[in-house]
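Asker: Just so you know, the protein sequences line up as chains A and B, in that order.
This note's numbering puts the first sequence at residues 1 to 285.
This note's numbering puts the second sequence at residues 1 to 301.
Calculated directly from the structure, the hints in this document are not laboratory data.
Check before you lean on any hint, since a few could be wrong.
Calculated cross-link-like contacts (lysine to aspartate or glutamate; reagent style EDC-like; alpha-carbon spacing at most 16 Å) [said to hold, decoys possible]:
no.: 1; chain 1: A; residue 1: 87; chain 2: A; residue 2: 113
no.: 2; chain 1: A; residue 1: 253; chain 2: A; residue 2: 242
no.: 3; chain 1: A; residue 1: 46; chain 2: A; residue 2: 229
no.: 4; chain 1: A; residue 1: 72; chain 2: B; residue 2: 258
no.: 5; chain 1: A; residue 1: 197; chain 2: A; residue 2: 229
no.: 6; chain 1: A; residue 1: 148; chain 2: B; residue 2: 118
no.: 7; chain 1: A; residue 1: 230; chain 2: A; residue 2: 258
no.: 8; chain 1: B; residue 1: 143; chain 2: A; residue 2: 94
no.: 9; chain 1: B; residue 1: 27; chain 2: B; residue 2: 118
no.: 10; chain 1: A; residue 1: 71; chain 2: B; residue 2: 102
no.: 11; chain 1: A; residue 1: 197; chain 2: A; residue 2: 226
no.: 12; chain 1: A; residue 1: 66; chain 2: A; residue 2: 108
no.: 13; chain 1: B; residue 1: 48; chain 2: B; residue 2: 118
no.: 14; chain 1: A; residue 1: 148; chain 2: A; residue 2: 53
no.: 15; chain 1: A; residue 1: 223; chain 2: B; residue 2: 258
no.: 16; chain 1: B; residue 1: 260; chain 2: A; residue 2: 94
no.: 17; chain 1: A; residue 1: 66; chain 2: A; residue 2: 117
no.: 18; chain 1: B; residue 1: 150; chain 2: B; residue 2: 118
With beta-carbon atoms standing in for the labels, derived distance ranges [as the list claims (entries may be wrong)]:
no.: 19; chain 1: A; residue 1: 153; chain 2: B; residue 2: 205; range: 56 to 62 Å
no.: 20; chain 1: B; residue 1: 50; chain 2: A; residue 2: 104; range: 44 to 50 Å
no.: 21; chain 1: A; residue 1: 201; chain 2: B; residue 2: 76; range: 29 to 35 Å
no.: 22; chain 1: B; residue 1: 50; chain 2: A; residue 2: 86; range: 46 to 52 Å
no.: 23; chain 1: A; residue 1: 56; chain 2: B; residue 2: 88; range: 54 to 60 Å
no.: 24; chain 1: A; residue 1: 225; chain 2: B; residue 2: 91; range: 43 to 49 Å
no.: 25; chain 1: A; residue 1: 153; chain 2: B; residue 2: 79; range: 14 to 20 Å
no.: 26; chain 1: A; residue 1: 201; chain 2: B; residue 2: 158; range: 53 to 59 Å
no.: 27; chain 1: B; residue 1: 91; chain 2: A; residue 2: 279; range: 41 to 47 Å
no.: 28; chain 1: A; residue 1: 153; chain 2: B; residue 2: 283; range: 43 to 49 Å
no.: 29; chain 1: A; residue 1: 48; chain 2: B; residue 2: 90; range: 45 to 51 Å
no.: 30; chain 1: B; residue 1: 110; chain 2: A; residue 2: 104; range: 16 to 22 Å
no.: 31; chain 1: A; residue 1: 153; chain 2: B; residue 2: 158; range: 36 to 42 Å
no.: 32; chain 1: A; residue 1: 51; chain 2: B; residue 2: 250; range: 53 to 59 Å
Built from N, CA and C at the ideal position, the CB exists for glycine as well.
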Amino acid sequence: MIISVASGKGGTGKTTISVNMALALGRGVELLDCDVEEPNAHLFLKPKIERSEKVEVPIPLVDLDKCTFCKKCSDICRFNALAVVGKKVLVFQELCHSCGGCMVVCPEGAITETGRELGFLNFGARDGIGFINGRLRVGEAMSPPLIKQVRAAANPRLITIIDAPPGTSCPVIAAMNGADFILMVTEPTPFGLHDLKLAVEAVRLLGIPCGLVINRADIGDRKVFDYAEKENLPILLTIPFDRRIAEAYSQGKNIVEEFPEWRQCFTELFRKIEAIINERGGAHA
Amino acid sequence: MREIVIISGKGGTGKTSLTAAFAALAKNSVFCDADVDAADLHLLMQPKVVQRADFMGGCKAVISPDICTSCGTCRELCRFDAINEQFQVDTIRCEGCGVCVDFCPAQAIQFPVQRCGEWYISNTRFGPMVHARLGIAEENSGKLVSLVRKEARQLAEKKGADLIITDGPPGIGCPVIASIGGATVLVIVVEPTVSGIHDMERVVDLAAHFKVPGMVCVNKFDLNVEMTETIEQLAQERNMAALGRVSFDPAFTRSMVEGKTLFEYGKPTATWQQVRDIWTHIINSPSMNTLGIVDLKSTIQ
């Protein structure tokens, strides 16, 4: 079972909800931090990191002894990642999307592949809760291939909770596609609602069931609640603004540990999600 | 032309609320929303669109079933698992590389350019604004960011504006890299939390990587004063000025609900003064007032 926690707007509480739900459920859960640009879940779950793995994507390597400078490779590349200038072939690594087209088209077999470092995968655990995160190398632009690697490393036998990046474009899609349920964390403000609507459109495109957590539920206005009703989006949990929660968060402390009365709420949140998934015919895996 | 880009690393630290507050203080400026993925600045600026245009991004493969011979070449070559057994293209998975198009022996694959969003030139009560809306689940956000920044620059030159104020996206990836290249200075908005500080360090590394000078301001500083001090110290160590502190103030949310900036809501408060002081620091900073000389100290030595 894969639950992806997303939001549209940043800073609404994705990481808080993912980590606290993982802690409330305990053993049998694996938390994947797919916000590879700014991974934060480890600061709250505090897992023991057991190993790290470098992640690379393939990029072309041209053998100039075999190359006839026919330019077929630079002609086929849609991303302008190759240029043939005189007796040189320039490879612009950061523009390459690793499609392999240049390698297939080269009539001389002069192109093989080497790797470009995208970042790292870190594997760890805490109290039986599995943990994987991806960390994008600073200066690297492409996060989706790294997000896909984090997802590919997940143990399918466990309950997977994904902490997704903010936004509505390709990185979020990579963190939501193929999930059994999308949990949207929002706040009842104009920014929260505006970005939630965009994120819900993206989820509908993927055809995945979706429910809401409304964080800081008593700030702002009531429009998020009206929207949820109109769009038939179940509100699975509301958390009022509490300065004590905000201060605990600032220090890296978790709601279920600091305020144990909340543990039950997060377990129930999961049960509700599970019920919705089962109603729709069960999880994919 | 000078450009201030407001970024944060972590989302939800107050980039857009502060950008709009700065807009209310700035004179003779053009505004730019570079968070094309989840643009919010327009909710406070209430722009009246005067010009709109399509944003054409990459291409996507479409297989014509009448011509397709089901030979399987495309499925073999596609590295993105975007073609299923019925030879239909999953547009979400399609990367737009065109390898299938080029190698299809029956030439059964079309490759139409996609309309990936829209961009706008607008008028607001503070001055002109360039903004955009990326289509849902679309790629090429970096390309659209570069486009709106370029248009903002052209508009600023045409209008004789002195300054561009750009609201940036969260993170450190493609759209952020497209937002910061060539900026005069970055204003990094940090919240005093363990995640805020972690994300700030990565965004500071990014600024250093692309050699763009940065300055730091702490929002919601009173949530954790100790952490605020750590952030300011860290900023100094990284050769970035600490611009000041903004209180955790519900007036930001309340003004947002009314579609207003901080300075258009209620009576003047201590928070108003904090934001004014930060704006004064930004405008008077060496980075904004030297002609490309970023590190004054090293220049003197």
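Asker: Against each hint, give a clear statement of whether it holds in the structure.
Answerer: Taking the hints in turn, this is what the structure says about them:
1. 87/A / 113/A: Judged against 16 Å, a Cα distance of about 20 Å means the pair is violated.
2. 253/A / 242/A: holds (14 Å)
3. 46/A / 229/A: Since the Cα atoms of residue 46/A and residue 229/A sit roughly 37 Å apart, the hinted pair is violated (cutoff 16 Å).
4. 72/A / 258/B: Violated. Residue 72/A to residue 258/B sits at ~57 Å, over the 16 Å cutoff.
5. 197/A / 229/A: holds (13 Å)
6. 148/A / 118/B: violated (28 Å)
7. 230/A / 258/A: Given pair residue 230/A, residue 258/A is violated - Cα atoms ~35 Å apart, limit 16 Å.
8. 143/B / 94/A: holds (14 Å)
9. 27/B / 118/B: Judged against 16 Å, a Cα distance of about 28 Å means the pair is violated.
10. 71/A / 102/B: holds (15 Å)
11. 197/A / 226/A: holds (12 Å)
12. 66/A / 108/A: Given pair residue 66/A, residue 108/A holds - Cα atoms ~6 Å apart, limit 16 Å.
13. 48/B / 118/B: The given pair, whose Cα atoms are some 15 Å apart, holds under the 16 Å limit.
14. 148/A / 53/A: holds (14 Å)
15. 223/A / 258/B: holds (13 Å)
16. 260/B / 94/A: Between residue 260/B and residue 94/A the Cα gap is close to 40 Å, so the pair fails against 16 Å, i.e. violated.
17. 66/A / 117/A: violated (26 Å)
18. 150/B / 118/B: holds (15 Å)
19. 153/A / 205/B: 56 to 62 Å: violated (25 Å)
20. 50/B / 104/A: 44 to 50 Å: holds (47 Å)
21. 201/A / 76/B: 29 to 35 Å: Taking Cβ atoms as reference, residue 201/A and residue 76/B lie about 34 Å apart, which means the hint holds.
22. 50/B / 86/A: 46 to 52 Å: holds (47 Å)
23. 56/A / 88/B: 54 to 60 Å: Since the Cβ atoms of residue 56/A and residue 88/B sit about 31 Å apart, the hinted range of 54 to 60 Å is violated.
24. 225/A / 91/B: 43 to 49 Å: With a Cβ separation near 33 Å, residue 225/A and residue 91/B fall outside 43 to 49 Å, so the hint is violated.
25. 153/A / 79/B: 14 to 20 Å: holds (19 Å)
26. 201/A / 158/B: 53 to 59 Å: Since residue 201/A and residue 158/B have Cβ atoms about 35 Å apart, the given range 53 to 59 Å is violated.
27. 91/B / 279/A: 41 to 47 Å: violated (29 Å)
28. 153/A / 283/B: 43 to 49 Å: holds (48 Å)
29. 48/A / 90/B: 45 to 51 Å: violated (38 Å)
30. 110/B / 104/A: 16 to 22 Å: holds (20 Å)
31. 153/A / 158/B: 36 to 42 Å: violated (51 Å)
32. 51/A / 250/B: 53 to 59 Å: violated (45 Å)
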